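Generate coordinates for the entire structure from the input sequences, incorporating the hints supplied.
Protein chains: 2
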Amino acid sequence: MAKEKEFVKEITPQSEDFSRWYIDTITKADLMDYSPVRGCIVFKPDGYELWEAITRELDRRFKETGHRNAYFPLFIPESFFEKEKEHVEGFNPELPWVTEVGGEKLEERLAIRPTSETIIGYMYSQWIQSYRDLPLLINQWANVVRWEKRTLPFLRTSEFLWQEGHTAHATAEEAEAETRQMLDVYTDFVENELSIPVIRGQKTPSEKFPGAVATFSIEAMMKDGKAIQAGTSHYLGDNFARSFEIKFLDRDNERKYVYTTSWGMSTRIIGALIMVHGDDRGLQLPPRIAPTQVIIIPIGPAKTRERVLLATDEVYAQLKAAGIRVRVDAREDLSPGWKFNEYEMRGIPLRLELGPRDLDANQAVLVRRDTGEKETVSLDDLAQRVPVLLSEIQQSMYDRALAFRVERSEPVSDIAQLHEVVRTKRGFALAGWCGDRACEAKIKEETGATSRNIPFDPPQTLSTCVSCGKAAAHTVWFARAY
Amino acid sequence: MAKEKEFVKEITPQSEDFSRWYIDTITKADLMDYSPVRGCIVFKPDGYELWEAITRELDRRFKETGHRNAYFPLFIPESFFEKEKEHVEGFNPELPWVTEVGGEKLEERLAIRPTSETIIGYMYSQWIQSYRDLPLLINQWANVVRWEKRTLPFLRTSEFLWQEGHTAHATAEEAEAETRQMLDVYTDFVENELSIPVIRGQKTPSEKFPGAVATFSIEAMMKDGKAIQAGTSHYLGDNFARSFEIKFLDRDNERKYVYTTSWGMSTRIIGALIMVHGDDRGLQLPPRIAPTQVIIIPIGPAKTRERVLLATDEVYAQLKAAGIRVRVDAREDLSPGWKFNEYEMRGIPLRLELGPRDLDANQAVLVRRDTGEKETVSLDDLAQRVPVLLSEIQQSMYDRALAFRVERSEPVSDIAQLHEVVRTKRGFALAGWCGDRACEAKIKEETGATSRNIPFDPPQTLSTCVSCGKAAAHTVWFARAY
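Taken in sequence, the protein lines are chains D and C. Sequential numbering of the first sequence, starting at 233, is according to our numbering. Sequential numbering of the second sequence, starting at 233, is according to our numbering.
I should point out that these hints are in silico values taken from the structure, not numbers from a laboratory. Check the hints yourself; a few may be wrong.
Copies of the same chain look alike in the list, so a pair counts if it works inside one copy or between any two.
16 Å max Cα-Cα, derived EDC-like pairs, lysine to aspartate or glutamate [what the hints assert, rightly or not]:
id: 1; residue 1: 479; residue 2: 336
id: 2; residue 1: 606; residue 2: 242
id: 3; residue 1: 458; residue 2: 639
id: 4; residue 1: 381; residue 2: 336
id: 5; residue 1: 488; residue 2: 332
id: 6; residue 1: 606; residue 2: 281
id: 7; residue 1: 337; residue 2: 326
id: 8; residue 1: 381; residue 2: 332
id: 9; residue 1: 295; residue 2: 281
id: 10; residue 1: 552; residue 2: 326
id: 11; residue 1: 295; residue 2: 278
id: 12; residue 1: 455; residue 2: 511
id: 13; residue 1: 702; residue 2: 646
Keep in mind it's a predicted model, so treat the numbers as computed, not measured.
Written as structure tokens, this is what we have:
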């Protein structure tokens with residue numbers, strides 16, 4: 233709002249203090265504000281607009297893969313949680329409880345949902361009777377609450393927004409295939425829309441979802457070398473089916489338990505988007521997800537203004553007709569230089585400058601946010617050139633992020649090395665692991681790093697455990713994580 | 233799900249028991265299910281799909297009128313409610329309270345939001361500093377909770393989904409204009425997308441929103457003659473600005489309170505859609521909002537099946553290319569007759585039948601859900617004819633609903649007449665009212681009818697109070713209401 237226009241607040245450089253950089257950036261770009269409720273943020277319009285773009289793209293992919301949306305209650309009766317032992321233990325410390333309504337105490341406490349496996353499991357037990365009801369492929373867009381001790385805007389807030397898919401299948405194989413398919417959907421979305429390269433793999437048992445048989449994740453590296461789990465897909469086996477008696481009459485006339493999955497992506501992906509691409513000048517948004525892809529800034533003295541604005545309108549109409557999300561900033565009380573900084577800070581992928589001399593030459597200047605490269609383009613070619621440039625930016629942001637991650641990742645053979653990679657060099661360490669939880673715990677205690685996942689496709693296979701030196705059962709990525 | 237296919241459950245006729253008809257219809261059409269949480273329903277995919285269509289159309293209109301979406305916390309600290317006296321009194325009996333998290337008691341209780349004026353008011357007091365920050369035009373899509381004693385699916389549930397707009401303006405005039413504008417937006421949406429004619433007007437003081445200066449509403453008549461308040465727009469004056477100290481520095485260098493508005497439409501509109509248009513065969517969806525506008529049903533014996541299906545695919549592609557939301561039901565184990573009933577029950581506006589004899593004649597049969605009229609159309613003309621028919625259905629559903637309301641509405645001059653109109657004839661009564669709350673309360677007690685609104689444009693003006701016989705200050709619509 234107006235304050236920003238009046239007081240230019242500097243962004244702390246990433247190299248000086250990455251956390252300060254993050255808070256400065258999201259504040260200055262007006263994405264969020266702190267709320268008076270502990271650990272809950274307000275998504276301001278520019279921040280919420282990113283979430284709208286994310287939901288649109290994810291929702292389209294869910295529907296294309298045969299899922300439909302539904303909506304289940306916010307409240308979960310206490311008795312439901314207790315039906316799945318691991319689940320209740322995993323979530324209990326973070327649950328807010330509604331104990332009274334109006335002036336009266338409730339007979340049974342109601343939790344605010346931290347995730348909806350239990351209530352959806354109960355409903356599925358009512359809906360599923362026969363093999364003809366399967367597969368049941370449902371997604372929910374909702375708010376969920378997990379009371380967090382330490383919070384960070386977007387990345388870890390007590391209330392957050394997300395989608396949670398919940399599916400039921402006749403066989404374990406089908407449910408496993410669904411779990412993989414949704415991990416593929418997340419990968420496609422995050423890599424192609426957000427230009428964030430991810431590492432795909434399986435979580436170790438200590439990091440899996442409470443109640444799951446197996447959890448798969450996509451993990452991304454932030455610019456400070458820390459990891460963010462960008463999305464997870466869980467194969468729940470028949471655990472929830474047994475807890476909630478979700479059975480179906482199969483073709484062979486036997487009553488069997490279904491196999492279920494769940495998968496989710498949340499507003500924390502906004503935090504990842506910022507931390508993967510942002511730089512000391514502010515945000516950098518990949519063109520495919522940017523609410524505004526091109527900002528047009530008319531320049532030149534007052535006497536040529538009218539002529540320039542006419543041309544600006546034409547360029548605007550031309551780009552809009554080409555399907556580009558474009559805006560014009562024609563405010564007169566702000567200098568072009570101020571505007572250049574402003575839109576660089578807001579991460580708009582491409583700036584289009586148009587002045588009287590450009591008009592004389594029938595051209596405009598395009599400036600890329602990612603590289604700062606400038607080029608002059610004939611006004612007649614803009615509608616062809618801009619989409620090409622936008623896709624070059626999209627790809628180049630991905631390539632840069634991938635190169636950064638590769639450069640910051642290395643194999644290690646003992647804990648001292650692992651410590652050096654994750655703390656001194658600030659990166660990801662690939663390590664052998666024997667499979668013992670004690671070794672994983674020791675690594676965490678000594679280095680602060682957690683196992684991110686057991687990658688499907690590791691760059692190499694390591695044969696001894698980084699902690700105990702015994703034979704490794706798995707090759708695992710370790711990193712400090714948000 | 234499968235159960236429905238196996239057991240055809242009859243829908244209770246409207247004339248026999250309208251409430252039973254409603255529950256039978258929404259259950260059979262698979263729109264919702266009851267949840268294990270008191271007063272909360274599950275929106276099943278077919279029901280949620282209606283809400284998705286509604287949100288898409290409303291959201292577009294909000295953005296076209298300059299509003300942006302944001303998201304505020306679910307929780308509201310107790311102290312916030314107490315800042316606006318009328319507001320807290322209005323909502324207190326319905327508020328669920330979070331009193332503990334994990335195992336620990338909270339220092340301050342948190343309410344689950346029943347509406348967000350208070351928390352948004354607090355944020356606005358932080359964001360608004362100068363006249364340049366105004367107007368502030370924000371909308372939120374969210375779940376809200378109002379614990380209800382008596383619930384009815386969609387129409388009155390403890391948790392429901394809605395949008396709530398919250399705007400702040402420099403002057404009372406601007407805020408009043410916004411209040412009216414949003415009532416216009418609601419009217420346009422409900423009349424043109426949902427084919428529901430509405431009565432626009434102002435709520436009496438006893439029916440206005442707690443904390444508002446004035447509440448405006450659109451009211452619709454259901455097929456049982458009862459009213460539903462389909463949307464409300466509130467002018468809040470500077471009430472919330474004073475409670476939350478929302479002030480701005482004006483051009484004249486004085487600090488002034490802003491004027492605010494709020495406006496909302498919720499999932500109860502789905503209930504209205506069903507009760508205005510449904511009939512003894514089930515749902516009737518207006519084409520513009522129907523998730524599926526045309527259902528194609530191939531008919532004829534097995535030996536012609538392949539040929540018919542080829543033609544069906546062509547017709548499907550042709551209609552889809554024309555921007556029509558179309559589906560094919562080619563299931564072989566179900567008869568055409570069963571399918572006709574099924575899609576009539578589900579309210580699909582238009583059925584397209586295609587059999588071998590139609591193909592010989594290069595034609596298809598179109599059957600309207602609203603009138604049952606059939607026509608044969610050349611296959612070459614389908615892409616032209618179907619959109620025309622869909623808009624005729626849209627208009628004709630509106631006309632029918634309007635004629636029904638007009639027929640069931642009449643002016644009354646005493647309470648006995650009012651009683652007869654709202655209870656025996658099951659309609660709306662137009663009555664003079666002196667402005668005294670006691671008269672309004674007496675009418676409610678003796679007839680069960682509440683004042684719906686003081687219409688902007690009454691069919692006639694009445695000069696004496698229907699209750700006390702004194703001079704009328706207003707002409708008011710009274711009705712029994714959901």
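Results of checking the hints against the structure:
In this assembly of identical chains, the alpha carbons of residue 479 and residue 336 never lie at most 16 Å apart, being 37 Å within a copy and 38 Å across copies at closest. For the homomeric pair residue 606 and residue 242, neither the shortest alpha-carbon distance inside one copy (25 Å) nor that between copies (70 Å) is at most 16 Å. Only within a single protomer do residue 458 and residue 639 lie at most 16 Å apart by alpha-carbon distance; the minimum there is 14 Å, versus 69 Å between protomers. In the homo-oligomer, the alpha carbons of residue 381 and residue 336 lie at most 16 Å apart only across protomers (13 Å), although the nearest pairing inside one protomer, at 29 Å, exceeds that limit.
With identical chains, the CA atoms of residue 488 and residue 332 are never at most 16 Å apart, being 39 Å at best within one copy and 39 Å at best between copies. With identical chains, the CA atoms of residue 606 and residue 281 are never at most 16 Å apart, being 28 Å at best within one copy and 46 Å at best between copies. Proximity of residue 337 to residue 326 under the C-alpha cut-off of 16 Å is restricted to the inter-copy arrangement: shortest distance 13 Å between copies versus 21 Å within a copy. In this homomeric assembly, residue 381 and residue 332 come within 16 Å of each other (Cα to Cα) only across copies, at 14 Å, whereas the closest approach inside a single copy is 24 Å.
In this homomeric assembly, residue 295 and residue 281 come within 16 Å of each other (Cα to Cα) only across copies, at 12 Å, whereas the closest approach inside a single copy is 21 Å. Taking identical chains as interchangeable, the C-alpha atoms of residue 552 and residue 326 are never at most 16 Å apart, the minima being 47 Å within one chain and 48 Å between chains. Taking the closest pair of Cα atoms, residue 295 and residue 278 come within 16 Å of each other only across two copies (14 Å); inside a single copy the shortest separation is 26 Å, beyond that limit. Only within a single protomer do residue 455 and residue 511 lie at most 16 Å apart by alpha-carbon distance; the minimum there is 9 Å, versus 60 Å between protomers.
Only within a single protomer do residue 702 and residue 646 lie at most 16 Å apart by alpha-carbon distance; the minimum there is 12 Å, versus 94 Å between protomers.
In this structure, the earlier hints numbered 1, 2, 5, 6, 10 are contradicted, and the remaining ones agree with it.
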